[in-house]
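Novice: For the sequence shown, the positions run 0 to 225 when numbering that gives the first Met the number 0 is used.
What the hints contain is simulated information worked out from the structure, not anything from laboratory work.
Errors might be hidden in some of the hints.
Claimed, not checked - Pairs of lysine-lysine, DSBU-like flavour, derived with a Cα cap of 30 Å:
| # | residue 1 | residue 2 |
| --- | --- | --- |
| 1 | Lys-44 | Lys-141 |
| 2 | Lys-202 | Lys-100 |
| 3 | Lys-2 | Lys-141 |
| 4 | Lys-169 | Lys-202 |
| 5 | Lys-100 | Lys-86 |
| 6 | Lys-169 | Lys-142 |
| 7 | Lys-202 | Lys-141 |
| 8 | Lys-169 | Lys-141 |
| 9 | Lys-100 | Lys-142 |
| 10 | Lys-202 | Lys-142 |
| 11 | Lys-187 | Lys-100 |
| 12 | Lys-141 | Lys-86 |
| 13 | Lys-142 | Lys-44 |
| 14 | Lys-187 | Lys-169 |
| 15 | Lys-142 | Lys-187 |
| 16 | Lys-44 | Lys-169 |
| 17 | Lys-187 | Lys-2 |
| 18 | Lys-169 | Lys-100 |
| 19 | Lys-202 | Lys-187 |
Said to hold, decoys possible - Pairwise CB distance ranges, derived in the manner of DEER restraints:
| # | residue 1 | residue 2 | range |
| --- | --- | --- | --- |
| 20 | Thr-155 | Thr-1 | 36 to 42 Å |
| 21 | Arg-209 | Asp-58 | 29 to 35 Å |
| 22 | Ser-21 | Thr-99 | 41 to 47 Å |
| 23 | Thr-135 | Ser-83 | 28 to 34 Å |
| 24 | Lys-100 | Asp-56 | 29 to 35 Å |
Keep in mind that this is a model prediction, so the values were computed, not measured.
Ideal Cβ placement from N, Cα and C applies to all residues, glycine included.
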Amino acid sequence: MTKVLVVDDEPQIVRALRINLSARGYQVLTAHDGAAALRAAAEGKPDVVVLDLGLPDVDGTEVIAGLRGWTTVPIIVLSARADSTDKVEALDAGADDYVTKPFGMDELLARLRAAVRRSAAPADAGEAVVRTGAFTVDLVAKKVHREDAEVHLTPTEWGLLEVLVRNPGKLVAQRQLLQEVWGPAYAKETHYLRVYLAQLRRKLEPEPSRPRHLVTEPGMGYRFEP
Numbered sequence: 000m001t002k003v004l005v006v007d008d009e010p011q012i013v014r015a016l017r018i019n020l021s022a023r024g025y026q027v028l029t030a031h032d033g034a035a036a037l038r039a040a041a042e043g044k045p046d047v048v049v050l051d052l053g054l055p056d057v058d059g060t061e062v063i064a065g066l067r068g069w070t071t072v073p074i075i076v077l078s079a080r081a082d083s084t085d086k087v088e089a090l091d092a093g094a095d096d097y098v099t100k101p102f103g104m105d106e107l108l109a110r111l112r113a114a115v116r117r118s119a120a121p122a123d124a125g126e127a128v129v130r131t132g133a134f135t136v137d138l139v140a141k142k143v144h145r146e147d148a149e150v151h152l153t154p155t156e157w158g159l160l161e162v163l164v165r166n167p168g169k170l171v172a173q174r175q176l177l178q179e180v181w182g183p184a185y186a187k188e189t190h191y192l193r194v195y196l197a198q199l200r201r202k203l204e205p206e207p208s209r210p211r212h213l214v215t216e217p218g219m220g221y222r223f224e225p
């Protein structure tokens, strides 16, 4: 049974989707704000997410970014925002499709079926919490703990760590890290990586001068070893 997470703060839309999806054999999870959506995704492991952008606590694009930190689950945005800028922003953040309200139920269901078909693997293509011998990374809450205490990271430090943790055991090239964290204009600023990796190691590694988890591959990039 395909599991759908519906995220919307309008009760009538949630009710309509629950009735229509359930009648067609889908299992339906619901959330009314961004925080509840991220929790439901981590605990329920849906196969597809239908997401409104206008949530009461955070913008839907932040929910997309939070999900994309650890899962490839298909995300269909369902929003009253018809401006092309909003569509581009949501798709760039990681959404797979964009449906504008008011919408036809048949069209939405067709897009949902297509999104599930395109999904190459079950939606739990990642772990929400990654543990090492020295620290724990919660990709949903965007928090890091070491020795039972939360470690404060700057947004840039978190962005760098998140990219590495999403690729455990894999070499992540310097250029890829720079583009994902700082943007295409910084693709050659390799000294940024040396500075920020040193900061992360001081905060997370038991022996920063002999890192076990945030490993340098000289001249190539970096590797996260759980």
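Novice: Could you tell me which of the numbered hints above are not met by this structure, giving the numbers in increasing order?
Specialist: 2, 9, 11, 17, 18, 21, 22, 23 and 24
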